[in-house]
Amino acid sequence: MTGPFWNSRCYAVLLLITSILLGLAISGCQSENPADKALSVDAAWTRPYDAQAGISSTAVYLTIHNRTDEPARLISAHIVQSDTIEIHQSIQDNGIMRMKPTPSVLIEAQESLAFKPGGHHMMVKGLQRSLDVGDRLEITLGFANGHSIKTTALTMWDSE
Amino acid sequence: MKKAPTVVAHLLKQACIFGIILLSLNGCGPNALSELNGTLLDPAMDIADYGFNSADGDFNVSDFQGKHLVLAFGYTYCPDACPTTMARLNQTIKLIEEDADQVQVLLITVDPLRDSLSKLKTYTNTFHTDFIGAAVAPQDSAALFKTLGIYHERARTSATDSVSEEGLAEDNATDDYLVDHTTSTIVLDPDGNWRMVWNFELKPEEMAADLKKLIRAQ
Chain U
1 MTGPFWNSRC YAVLLLITSI LLGLAISGCQ SENPADKALS VDAAWTRPYD
51 AQAGISSTAV YLTIHNRTDE PARLISAHIV QSDTIEIHQS IQDNGIMRMK
101 PTPSVLIEAQ ESLAFKPGGH HMMVKGLQRS LDVGDRLEIT LGFANGHSIK
151 TTALTMWDSE
Chain L
1 MKKAPTVVAH LLKQACIFGI ILLSLNGCGP NALSELNGTL LDPAMDIADY
51 GFNSADGDFN VSDFQGKHLV LAFGYTYCPD ACPTTMARLN QTIKLIEEDA
101 DQVQVLLITV DPLRDSLSKL KTYTNTFHTD FIGAAVAPQD SAALFKTLGI
151 YHERARTSAT DSVSEEGLAE DNATDDYLVD HTTSTIVLDP DGNWRMVWNF
201 ELKPEEMAAD LKKLIRAQ
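If you read the protein sequences in the order shown, they are chains U and L. All the letters of the first sequence, read from the start, carry residue numbers 1 to 160 under my numbering. All the letters of the second sequence, read from the start, carry residue numbers 1 to 218 under my numbering.
Hints are computed from structural coordinates only; laboratory data are not their basis. Don't be surprised by glycine CBs; every beta carbon is placed ideally from N, CA and C. There could be a bad hint or two in this list.
With beta-carbon atoms standing in for the labels, derived distance ranges [claimed, not checked]: (1) L:217 - U:69: 52 to 62 Å; (2) U:146 - L:48: 53 to 63 Å; (3) L:154 - U:104: 23 to 33 Å; (4) U:103 - L:130: 35 to 45 Å; (5) L:48 - U:144: 52 to 62 Å; (6) U:50 - L:154: 19 to 29 Å; (7) U:142 - L:56: 36 to 46 Å; (8) U:70 - L:34: 44 to 54 Å; (9) L:191 - U:144: 53 to 63 Å; (10) L:55 - U:94: 46 to 56 Å; (11) U:91 - L:146: 21 to 31 Å; (12) U:98 - L:129: 30 to 40 Å; (13) U:149 - L:212: 17 to 27 Å; (14) L:114 - U:93: 20 to 30 Å.
Let the hints inform the model, and build the full structure from the sequences given.
If you want it as structure tokens, here you go:
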């Protein structure tokens, strides 16, 4: 005696398999977080700074992650309370440190670039506010593709 | 009759063990100037008793007789390499703890045109209140930089890839310029002789370990 198909064990197994496959497909879609395919910035920091001391430069360090499939080119940086920010690279040349301003920096697709002491850094000129350990400084980075990213640099001493 | 040689043998054995321990202590202990992170000048190189100007008065290398003098080179407008070196030296001094009073850190400007003595003092105090910021006395400047192999030259700052003579002239006319310079740090021994060179990449832990060995070896 065979009843309707939807009452059969075969139908129940088929339903279970379909549910599992559907569940897997949905969870697969959810792991495609848009942030995983984007340009992002983290680990931004700067050193304590005394705007009244007559010393008019400091640096911001950060890491840019390019999780897109296209190269990204950093072309500008901006801090509200400063005169200028330049993208720089310090290069060791036989024990001599040569700091070179560079108009842009390329971050290859699916790669990260760390701005760190003795390497790439943002030279901040004429910052008009003092910074103590723990203070935060907002910086906006501009990219050649028209995107801009705002991040916050934490004031701290070199963490070595 | 059999006991005497046994006692002698035992004593000899103990003496040997003691001797081996002594030798190993001598070879591996803190007195040994081995496995240093910086480059040791052995023997230390005799240098002149150079003079300096600072906001707190003029002084010579010999005024710090009895201390290791750590000479860093930089300038206050430098945003990257110089504060990195000074921050690392601050950590180094913290790491050597009770030996810190046997070391004096000195920042020597490679940009005396812009770095006033008061600015140098403010700058070094940012990192450590015991650090001294100074300019080499004008009559000693060329000799000190040449002897210690410290190169320094004004560079340009504009963010362009090519460096034109016109651009350089423009930068030189303003106060907005960078200085290319040697980033090595030099250590003088308590007699004012050149004892060691640290390269820029060394970590505070590595410099502190070297300083402790140099101090113990005195």
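Each hint, compared with the structure:
no. : hint                      : verdict
1   : L:217 - U:69: 52 to 62 Å  : holds (57 Å)
2   : U:146 - L:48: 53 to 63 Å  : holds (59 Å)
3   : L:154 - U:104: 23 to 33 Å : holds (25 Å)
4   : U:103 - L:130: 35 to 45 Å : holds (41 Å)
5   : L:48 - U:144: 52 to 62 Å  : holds (54 Å)
6   : U:50 - L:154: 19 to 29 Å  : holds (25 Å)
7   : U:142 - L:56: 36 to 46 Å  : holds (45 Å)
8   : U:70 - L:34: 44 to 54 Å   : holds (52 Å)
9   : L:191 - U:144: 53 to 63 Å : holds (58 Å)
10  : L:55 - U:94: 46 to 56 Å   : violated (33 Å)
11  : U:91 - L:146: 21 to 31 Å  : holds (24 Å)
12  : U:98 - L:129: 30 to 40 Å  : holds (31 Å)
13  : U:149 - L:212: 17 to 27 Å : violated (44 Å)
14  : L:114 - U:93: 20 to 30 Å  : holds (23 Å)
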